[in-house]
Amino acid sequence: MTDETAALTARIERLEHELGRLQDESAIRKLQYSYGYFIDKSQYNECVDLFADDAEVWFLGGIYKGKAGVRRLYIERFQTQFTQGHNGPRYGWLLDHPQLQMVIDVAPDRNTAQVRGRSQMQAGLHETAEGPQRAWWEGGIYENDYIRGADGIWRIKALRYFPFWHGSFAEGWAKTPIDFIPMASTFYPEDPLGPDAPVEPRPRLWPATDTIPFHYPHPVTGRPIVLDNSRAREGFKD
Amino acid sequence: MTDETAALTARIERLEHELGRLQDESAIRKLQYSYGYFIDKSQYNECVDLFADDAEVWFLGGIYKGKAGVRRLYIERFQTQFTQGHNGPRYGWLLDHPQLQMVIDVAPDRNTAQVRGRSQMQAGLHETAEGPQRAWWEGGIYENDYIRGADGIWRIKALRYFPFWHGSFAEGWAKTPIDFIPMASTFYPEDPLGPDAPVEPRPRLWPATDTIPFHYPHPVTGRPIVLDNSRAREGFKD
Amino acid sequence: MTDETAALTARIERLEHELGRLQDESAIRKLQYSYGYFIDKSQYNECVDLFADDAEVWFLGGIYKGKAGVRRLYIERFQTQFTQGHNGPRYGWLLDHPQLQMVIDVAPDRNTAQVRGRSQMQAGLHETAEGPQRAWWEGGIYENDYIRGADGIWRIKALRYFPFWHGSFAEGWAKTPIDFIPMASTFYPEDPLGPDAPVEPRPRLWPATDTIPFHYPHPVTGRPIVLDNSRAREGFKD
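Chains as they are written, first to last, in numbering that gives the first Met the number 0: chain P, 0 to 237; chain W, 0 to 237; chain A, 0 to 237.
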């Protein structure tokens with residue numbers, strides 16, 4: 000190979016690699032957006048299939064570990080609780096999870112990726128459906144990890160959902176009860192539907208306003224994004 | 000051409016093609032987002048120009064076919080109904096159509112594409128504007144097709160909007176009246192503003208919760224995404 | 000260099016340039032999304048760092064010019080007003096700024112870019128926090144400019160936020176008071192927290208419905224997007 004050809008080959012290799020990273024970005028967007036569409040409609044089997052075998056899910060202060068933990072959360076807990084064991088939507092139960100504002104960072108080696116994203120939910124029960132009446136808005140942040148398998152397919156490695164604010168449709172975020180939804184306090188296997196471990200430090204819901212750590216440095220300065228949550232919980236009486 | 004050069008040329012051609020697909024993705028995002036911005040402001044002429052000549056629009060159980068059908072819907076129907084024949088916004092009429100969560104799949108040959116997306120609307124009339132008072136939230140799913148013309152320009156080939164839930168600002172999605180907005184039941188030319196054909200199977204609005212078929216297979220397993228809508232309408236009394 | 004090699008080199012150069020533009024698009028998305036995440040949590044120092052030295056911010060009818068103007072707005076005004084001088088969130092104060100629907104256009108020379116985007120906000124104070132009780136929804140449009148520095152880093156050159164509609168959580172967009180938030184009417188240095196100059200023509204809030212000019216031509220016809228705002232303010236009594 001001539002020097003010239005070697006130089007062109009090196010440029011082509013770099014192009015292939017960087018193009019691949021943009022394709023990864025697109026694939027991860029599709030993966031996480033699909034998660035949103037599946038959760039909307041209680042397609043829990045399809046959700047579980049999005050995760051890597053050694054994945055974990057952080058939810059309301061608990062960590063569900065491995066594929067067994069993922070199944071426990073989506074199938075044994077959510078599917079039972081929300082759709083009475085049915086893998087699909089049921090009449091009059093809304094659970095829309097729009098996925099937005101995803102900052103996607105693919106590692107230079109293209110084997111892993113991280114995403115900061117958010118959801119802005121609408122959820123609740125129609126008055127003609129069976130079950131306790133409720134209707135709420137919810138906002139939350141994701142800080143997720145993804146992994147590309149030997150088969151070239153991206154999967155969710157860690158889904159860390161931090162619900163931030165809840166507001167009932169009637170009263171909104173100004174009147175959300177303190178500790179509106181309890182954080183995980185019992186664990187598997189003692190609690191057969193519980194998570195495997197607690198999230199540390201313990202998260203707390205709105206009106207706490209803690210900032211979730213960013214997986215990436217400041218996009219202009221390149222410095223770590225330092226958080227000051229010193230006033231995020233100062234109004235609690237306990 | 001040497002073998003070496005031929006091999007480099009083949010890699011370059013593949014790069015050009017795959018880069019082109021990512022550029023297509025970006026162009027389609029811009030196209031559909033522009034649709035959203037135009038609809039926000041009742042720029043109906045600009046909307047119509049986004050469609051291919053043989054396009055179709057699915058809306059509330061009816062299919063509007065061809066450019067004539069597209070014009071009938073946006074110009075003759077919406078422009079008359081919403082802005083009194085004006086190609087632009089009118090005072091006190093809100094119709095925001097944020098476009099989000101678009102899964103964009105460009106065909107390998109780069110001539111067609113498909114998108115699953117969603118909107119999360121805010122709409123209604125201000126109390127100081129003329130007309131019947133109403134204010135509502137709306138969530139809906141798109142499953143759209145796009146086509147790239149001989150001129151290299153992407154256009155909408157099929158816009159299929161499936162409104163899912165509506166909720167008045169006052170009462171929300173827990174109290175949406177059954178069959179809140181009627182599905183198309185009369186057709187063109189008998190109904191001069193009607194669609195050309197019905198959507199089959201007949202869609203039904205929230206509290207029905209039918210899942211709209213996905214244009215793409217499961218992103219990890221590669222298998223078709225099978226829907227179970229068997230319980231999506233079980234609460235209706237009729 | 001042979002003719003063949005020269006031709007391959009030219010194709011590689013074009014690929015590198017066009018791939019770079021897609022990478023720019025991704026970098027700008029990350030930049031603006033980060034702005035959103037920082038604003039959510041009153042990380043005002045981190046916001047200011049996103050701007051170029053000669054940047055400007057358009058906000059409620061006023062233009063804040065240069066890094067000094069940007070600091071005046073985010074640090075001296077917002078940080079004082081919203082978080083009592085604290086660079087981070089405070090208990091019970093919600094200010095979520097989801098960033099969505101960004102049409103990103105990178106200039107052919109890759110040195111500048113423009114974005115049309117939107118936010119759909121949730122804001123207000125929890126009843127257990129100190130301060131005047133309020134809770135509102137807000138929708139708005141961005142038409143922003145970005146610049147790539149000699150260091151290869153993208154920064155915000157002009158952030159032009161046009162809030163469109165506001166609605167209190169209790170009453171919504173049907174009952175928004177006319178001129179709900181006053182436009183800038185005093186200027187720096189007379190007003191030590193004021194903008195440097197007014198936005199012309201003077202914007203007006205909902206129920207005005209003016210369309211913000213598009214930075215880009217119609218994506219299909221290529222013609223300028225002509226706005227007809229002749230009826231956008233016709234209902235005002237003054």
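Treat the hints with care, as some may be off.
Claimed, not checked - With beta-carbon atoms standing in for the labels, derived distance ranges: (1) W:P191 - A:N110: 34 to 44 Å; (2) A:T220 - W:A106: 41 to 51 Å; (3) P:S229 - W:E199: 58 to 68 Å; (4) A:F186 - W:T111: 48 to 58 Å.
Note that these hints are calculated values from the structure, not bench results. Note that CB positions come from ideal geometry on N, CA and C, so glycine has one too.
Hint by hint, here is what the structure shows:
{"no.": "1", "hint": "W:P191 - A:N110: 34 to 44 Å", "verdict": "violated, 53 Å"}
{"no.": "2", "hint": "A:T220 - W:A106: 41 to 51 Å", "verdict": "violated, 24 Å"}
{"no.": "3", "hint": "P:S229 - W:E199: 58 to 68 Å", "verdict": "holds, 59 Å"}
{"no.": "4", "hint": "A:F186 - W:T111: 48 to 58 Å", "verdict": "holds, 53 Å"}
The structure fails hints 1 and 2 (numbered hints given earlier, in ascending order).
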